Amino acid sequence: MGFFVLYGVIMAGYLGSTWAYIRHFPNKQVRVGRYATGLLIIALICHSVALIIRSVNSGHLPFVGLHESMSFFAWLIAIVYLFLELRFRDKSLGTFVVPMVLAGQIVSMIFIHPEDPLPPLLQSPWFNLHVTVSFLAYAAFFFSFITGLLYVMQMYYIHRRRVGLIFSRLPALGMLDEMNLKATSIGWLFLTIGIATGVWWASDAFDSITPWVKDPKVFCVMLTWVIYSGQLVARYTAGWQGERAAYLALVGFASVLVAYIGAGLWTNVHIF
Amino acid sequence: MHLTLIGLSHHTAPIDIRDQVALTETLQEQALALVKSSGKILETVLLSTCNRSEVYAATNDEVHDPLPIEEWFHEIHGLSPGTLSPYLYRRTNEEVIRHLFRVVSSLESMVIGETQILGQVKDAYLRSLGVQTTGVVLNRLFEKALGVGKQVRETTEIGVGAVSVSYVSVELAKKIFKDLKQHSAMLIGAGETGELTAQYLVDQGIKRLIVANRTYDRAAEVARRFDGIAVSLDDGLQMIADVDIVISSTGAPHCILDRDHMMEIMRIRRNKPIFLIDIAVPRDIDPQVRNIYNAFLYDIDDLQSVVDDNADRRQKEAQKVEVIVEAEVNQFLNWYQSLAVTPTITQLRQHADTIRVGEIERALSQLTHLSESDQKTVDMMSRAIINKLLHNPSTRLKASTNSDQGHHHLHALRHLFGLDEKDEE
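Taken in sequence, the protein lines are chains A and B. Taking this note's numbering, the leading residue of the first sequence gets 1, the next gets one more, and so forth. Taking this note's numbering, the leading residue of the second sequence gets 1001, the next gets one more, and so forth.
Chain A on its own, in the form it takes in the complex (with noise of 0.2 Å):
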């Protein structure tokens, strides 16, 4: 009972804040922005309980399975908004990073089930570590990704001589490309680290290195990985700054979407 009503919290909070941040972004009344912002912490509070008391009844982080893992990556992504936004003082990011939230709640109450015990092969010491890198990096590179798509928008805007009421809310494209870059580079060094801590951790579990390195999601990785060393590489020596490396960023992300969740469906090492 007490866990429906703290679900129903949970998603009536961002809905509403994803509501709220819609409604702000044309006129930006105050009223209505201390409305979202109010929200959001409500639902990240009540998020954080709900997270809690799993992790607390599983005995594991709650990164098994892709209910825990949806959930925990939108509170994540909510959390690190909710610090921009209160750095920054700038609501308008919020408009297409809620609605994000919101969406990545609702896909792991579609996946939710019991408690799984951690499976033997990741009782490890590195199994915290290891995920909780990735799961930085996969937040970074969420707004990396926001960052880019927000840059495109704006190029368009601008280059179509259509500088309405969007044009007039979005960031300066200065400030989507610097944004982009540090959350391009943050995500770098955590996916970074999370690869290689997954190949420490695989020398360790395995004898040999077959079984984890022909799964797929190794190579999706590692794709990505390669992609955003690219779009670092090119920004710094071929000038790629602003909408190039705002494509890279998105083409980053569709290869992170297929790491996470279509990898996550045919392999049997990684099961989240």
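Rather than coming from a laboratory, the hints here were simulated on the basis of the structure. Computed from a predicted model, the values in this text were never measured in an experiment. Backbone N, C-alpha and C define an ideal beta-carbon position, used for all residues, glycine too. Please note: incorrect hints may appear among the correct ones.
Here are some chain A residues the structure puts well away from chain B; computed CB gaps all over 10 Å [what the hints assert, rightly or not]: (1) W19; (2) N27; (3) L51; (4) N57; (5) F127; (6) M175; (7) W200; (8) M222; (9) Q241.
Chain B stretches covered by chain A per the calculated footprint, using a threshold of three residues with CB under 8 Å from any CB of chain A [claimed, not checked]: (10) 1157-1166; (11) 1175-1186; (12) 1369-1383.
Let chain A serve as the given structure and place chain B on it in line with the hints.
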């Protein structure tokens, strides 16, 4: 109680007249002090901007007489009476409320949707509040007006999108670069629009402005005004790679910046974004430049089409604003009209009489043994009680209308006897 407005604006007076009546802040405060000491006008707010000079006044005369206000208006500008009369508009009561609400909503402004006026009205009101020339009526009117102005800007798109070529350029620059303070600009050639754009960029705190001109002396003259650096046209063209914004408005008959030159510049800049504003006719910059990566080129037609779009949108939004203004005027009128003294006293007496008649009928129905003359006496007594009870409140309320306390008394009376609640029923 009368609300009066006297004023002139760009709608009624030419610029040289408006220049004469634009008062500095000190002069405005002196003018308000003057009106306060004269005691002729109960409440006053003076609104003085470069396009508008208005007096909002509340008076307590039985008959509406704008003459003292008009005289004072001339006096504070040091003009002999009647000089400004042909340019003045005069409004009373409901029209004053509507006018002020339209002014704060920028519907009366030269450029519809401009945002300055709201701040100007606020300053004017606070100044009058500071020297205590406002009271119940104007306080409520101006606070309501500021609320209307805010609501209009928050709920409509009246202020979205710049409506001049130079301001559109600056808006674009602000959406291309994160912080203009970290970028520098170059103005090539001279001309009003180009210089105005440069001025706006300087106002935004641009890091550095370079002015290039075919004749160096002309460049030096313009550069001095903006605290910029003057260079010759050839030097300027060599330096484009170092700046992030270029405003070009030369009288050259052909392009001064072609595609190959721009490709070379972008190579040197390592594709750092550059914003090129070409306001020259014929064009200074080869239109093909717009296909180069990270080169943002806007020519005069592009800018003009943005201006037109924005002006159209503001015009459409103005209709929504009119609806808001009208609703707010009606709401304010409800309160304002309740301020009249005579209707209030009539209402109070009716209220008392209704109670009296009800109670007398009830009592007499039980006192059937009374003779007709006794019944009359009882009835007379009830009338006398009411008359004596209401005598002082009525006469004192009438007497106080000419004092500062008048509105407070009126308000208190209406509240204590629940006269407004009765209205709503």
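Hints, verified against the model:
A cut-off of 10 Å between C-beta atoms confirms that W19 (chain A) is not in contact with chain B; the least separation is 17 Å. Distance check for N27 (chain A) against chain B: the nearest CB is about 5 Å away, which does not clear 10 Å, and the non-interface claim fails. Consistency note on L51 (chain A): stated as away from chain B, and its beta-carbon is indeed over 10 Å from all of that chain's, at 35 Å minimum. At roughly 46 Å, the least C-beta separation between N57 (chain A) and chain B is larger than 10 Å, which holds for a residue marked as non-interface.
Under the 10 Å C-beta cut-off, the non-interface status given to F127 (chain A) relative to chain B holds; the minimum distance is some 40 Å. At roughly 4 Å, the least C-beta separation between M175 (chain A) and chain B is not larger than 10 Å, which violates its mark as non-interface. For W200 (chain A), the shortest C-beta to C-beta distance to chain B comes to about 38 Å, beyond the 10 Å cut-off, and the non-interface label holds. With a least beta-carbon separation of about 29 Å from chain B, M222 (chain A) lies farther than 10 Å from that chain, consistent with its non-interface assignment.
Taking the minimum C-beta to C-beta distance to chain B, about 7 Å, the non-interface status of Q241 (chain A) is violated against the 10 Å cut. Given a C-beta distance limit of less than 8 Å, the hint that chain A covers the region 1157-1166 of chain B holds, as 3 residues qualify and 3 suffice. Under the rule that three or more residues need a Cβ within less than 8 Å of chain A, the assignment of the region 1175-1186 of chain B holds, with 5 such residues. Under the rule that three or more residues need a Cβ within less than 8 Å of chain A, the assignment of the region 1369-1383 of chain B is violated, with 0 such residues.
The structure is inconsistent with the numbered hints 2, 6, 9, 12, although it conforms to all the rest.
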